[in-house]
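Chemist: Assemble the whole structure, with the sequences as input and the hints as a guide.
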Amino acid sequence: MRTIGIVSMKGGVGRTTVAANLGAELARTGRAEVLLVDLDPRNQLGLHLGMSPEEVAGVSQAILDEPSRSRALHRGSDPLRWAPFGQPRERERLEVEERLVRQPELLRACLAGWSAPGEAISVLDSAAGPSGSLTALVELSDLLLVVLQADASSFATIPFLEEQLHPRRTRSDEGLSAHLLLNGVDEASRIGRDVRIALEQLQGRWAPLPFVIHHDEAVREAAALQRPVVEQAPGSQAAADFRTLAAWALEQLMGRRVADLGASPLTQAVVAAPGT
Amino acid sequence: MAGATGPGGGGDRAARRLLDEIGAGELDYVGISAQEAARQALLRWPLVEAVARALARASGAALAPQTADERARTRLTVAPGGGGAAGRDDAADADGPEVEDETEAPGPRSSWETRR
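Just so you know, the sequences run in chain order G and X. According to my numbering, the first sequence is numbered sequentially starting from 1. According to my numbering, the second sequence is numbered sequentially starting from 1.
Honestly, the hints are just simulated from the structure, not real lab data. Backbone N, C-alpha and C fix where the C-beta goes; we use that ideal spot for every residue, glycine too. It cannot be assumed that every hint is accurate.
Unchecked claim - Here are the in silico distance ranges between beta carbons for each label pair:
| hint | chain 1 | residue 1 | chain 2 | residue 2 | range |
| --- | --- | --- | --- | --- | --- |
| 1 | X | 47 | G | 11 | 16 to 24 Å |
| 2 | G | 66 | X | 60 | 43 to 51 Å |
| 3 | G | 78 | X | 33 | 48 to 56 Å |
To be verified - Derived, one-sided and incomplete: chain G residues facing chain X with beta-carbon distance under 7 Å:
| hint | residue |
| --- | --- |
| 4 | 156 |
| 5 | 159 |
| 6 | 163 |
Modeler: This is the structure we're talking about:
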């Protein structure tokens, strides 16, 4: 099983939306069985997929009790299953945090309780910023997506990425493959364009992916209908963006070739300018 | 149009709004190099610029030379290719003299001051 971690250094950037829609699109391709796991105590991931707001059971319970039996907490059916965080009491939530920091392998045990019939991908959604779930995700992930918006406050979190992500990694078998994903991009926003240009100048580890998830009202409407936008509005811009993201992720995880990821219009405009 | 549309200023707001509405905002950057587009982007937004400077400082990348006007505003920009470990050597080699960051820790500023 390969694991994708979805993280963000600040809240409100659409991390859970990205996790839900990426997972749904990966499952829709038919190329892998997908398990989405919510590690954010706000317990929002399942709401994108039909969960009742009153749902209280979840992976937090498995981490505290018996990780190997976590399969019993899964919702949905193949090829897309998902596990909510649950609604533990405050003292239990703090205990979950502490356990994930001290024993990130507990999360691995939770995932091991899921035996998919074919190729399998787990998509893990963390809480925003430093947390026990971030520690566990960095440890377990084969591919890490750092979600941010094209604004100055998201840009201001970048200097902390190195500090927050890499010291948490103890696996020495391979490097951490982390990528910046811009979400909710408005092509008409001047600050958005300028932040993207500033990001594209970061030619090292933190250069952003060459595609973005655009701002699209269809995403909010789909969330209100508790369906992934790739199912609710497959012809929307956001659905097309998530298809691109899923194809890229498959290529990263399984070596599958993607014919044309395409550069962003902004990148094309700058690259095409004379004198570059 | 490049450089004429800083936030809150300029007489072409109506034109700017029209361009945004038709999705032609990228015209801001047509006809200028990627480096110049980045320089202008940083100058428009102090927070973005401050973060870019911190990233450049942390990676040891060279900082771009300033014009007199920019120096007066104590604004520095990231050199082309700077900001990441992969481009560090190229930036240091190719971009000419490094400009001192005026916000570095205090100390003797010249041999004359040292002598005093």
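Chemist: Does each hint fit the structure? Answer for all of them.
Modeler: Hints and how they fare:
1. 47/X - 11/G: 16 to 24 Å: holds (18 Å)
2. 66/G - 60/X: 43 to 51 Å: The hint (43 to 51 Å, Cβ to Cβ) holds, given that residue 66/G and residue 60/X are roughly 49 Å apart.
3. 78/G - 33/X: 48 to 56 Å: With Cβ atoms ~51 Å apart, the hint holds.
4. 156: holds (5 Å)
5. 159: holds (5 Å)
6. 163: Residue 163/G check fails; min Cβ-Cβ to chain X is 10 Å, beyond 7 Å.
Of the numbered hints given earlier, the model fails hint 6 alone.
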